[in-house]
Amino acid sequence: MSLVEEGGERKIRMANLAILGSHSTNGAAAIHSKLLRTITVKDLAEMSPSALAPRPMG
Amino acid sequence: MRKDVAFACPAVRGKPAPGLQAVGNGSRKLSVRTFTRRPGSPLLRHNVDWNHFPEKVAIQLNDTYPSMAVAELMRILLDDAHLGWDQAFELTKRTLAYTNHTLLPEALEKGQSPGLKTFSRAISKSSTKSTGVSSTKFVFVSRVTTDACSA
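If you're matching them up, the sequences are chains A and B in order. Under my numbering, residues 1 to 58 are what the first sequence spells out, in order. Under my numbering, residues 1001 to 1151 are what the second sequence spells out, in order.
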């Protein structure tokens, strides 16, 4: 969940930064959004459900 | 009300990447490079109360390349507009939205030099001013994480 990847050179996780710094995150398609919410950034989605809530596309 | 809507996307010689269009009434195309590197960026020319900035401007981060806009808008609000941290973070969140294009965790972009150096400088500058704590590169980041966790 951290914005910083530790170990060796510290790096910023740009996706986490974008999610935390914005009010809304969506994927490129409904299924993409669902997978993002349930797998890729599951911890962030649980922390702020409204930011990654399902929403109609287009 | 007129509202500028912009896609922040990877810049190719200062222009938005092909295939991406800005939408909305009175909208302007804007590259992340324009947004992050030009103080006189079109989106920042509104002579408005910063509290109303999110009502005038919406920025869609198209993929992670323009994520730096989070740090840059925070820097502008903290250092140039002299707002408090909480207010600046609230305005930043309301202004920005993000479209993810990558599901594989190992494929997600990690910020590193040379972008990270610029990023770190903005972080150090902002965090030192706003929190008064000694300048460490990642205070901004840990502060954002803390805020988000307590929200």
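FYI, nobody ran anything at the bench for these hints, they're computed from the structure. Fair warning: there could be bad hints in the mix.
What the hints assert, rightly or not - Listed next, the in silico DSS-like pairs over lysine-lysine satisfying Cα-Cα at most 27 Å (straight line):
1) K42(A) with K11(A)
2) K1056(B) with K42(A)
3) K1110(B) with K34(A)
4) K11(A) with K1056(B)
Claimed, not checked - Between beta-carbon pairs, the in silico distance windows are:
5) H1052(B) with S50(A): 19 to 25 Å
6) H1101(B) with E46(A): 19 to 25 Å
7) D1086(B) with A29(A): 33 to 39 Å
8) L1104(B) with P56(A): 24 to 30 Å
9) A28(A) with D1049(B): 18 to 24 Å
Virtual Cβ for every residue (Gly too), placed ideally from N, Cα, C.
Now for the hints, and whether the structure bears them out:
1. With a C-alpha separation of about 20 Å, the suggested pairing of K42(A) with K11(A) holds against the 27 Å cut-off.
2. Simply put, K1056(B) and K42(A) have alpha-carbon atoms about 32 Å apart, too far for the 27 Å limit, and the pair is violated.
3. A threshold of 27 Å between alpha carbons decides the hint, and for K1110(B) with K34(A) the separation of about 23 Å falls inside it, so the pair holds.
4. Distance check on the hinted pair: K11(A) and K1056(B) sit about 33 Å apart at the alpha-carbon level, beyond 27 Å; violated.
5. Distance hint for H1052(B) and S50(A): a CB-CB separation of about 22 Å, consistent with the stated range 19 to 25 Å.
6. The beta-carbon spacing between H1101(B) and E46(A), approximately 22 Å, falls within the hinted interval of 19 to 25 Å.
7. Our hint of 33 to 39 Å for D1086(B) and A29(A) holds, since their Cβ atoms are close to 35 Å apart.
8. About 26 Å separates the C-beta atoms of L1104(B) and P56(A), a value consistent with the hinted range of 24 to 30 Å.
9. Between A28(A) and D1049(B) the Cβ separation comes to about 35 Å, which falls outside the hinted range of 18 to 24 Å.
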